[in-house]
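A.B. asks: Sequence:
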Amino acid sequence: MPGRDDGLWVLWPHQFDARRSRSAGRRVPSSLAVSKPDAAWLQSAAKKAGFEAELQEDSIHPSIPYRKVGRVLVRKDGAKEDALRKIAQALQ
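Take 0 as the starting number for the sequence shown in numbering that gives the first Met the number 0 and just add one per residue.
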């Protein structure tokens, strides 16, 4: 599993989901959030935003152990919050 020292950020679809609140895991402003994002869409947006992104479709988020939601690994470049906003804008 990638860690902090691997030079990668782990991005989950729920971090961009407009249906979730900040306390439920959304990491972007509601104005940039989208409805029902999936990992493949997230990878596409990350690449569009200029990031090197790897899709892991069968990943299971610890808070949702009964469903494979997938995740995207993105090479670290600057601050994570800035990257999340750039990727969220590319999802629009």
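By construction, these hints were calculated from the structure, which means they are not laboratory data. Careful: at least some of the hints might be erroneous.
What the hints assert, rightly or not - Label pairs and their computed distance ranges (CB to CB): (1) 67 with 23: 16 to 24 Å; (2) 78 with 53: 29 to 37 Å; (3) 30 with 57: 27 to 35 Å.
Computed from a predicted model, the values in this text were never measured in an experiment. In this text, a Cβ means the ideal position worked out from N, Cα and C, and glycines have one as well.
A.B. asks: Against the structure, test the hints numbered earlier, and report the numbers of the ones violated in rising order.
C.D. replies: 2
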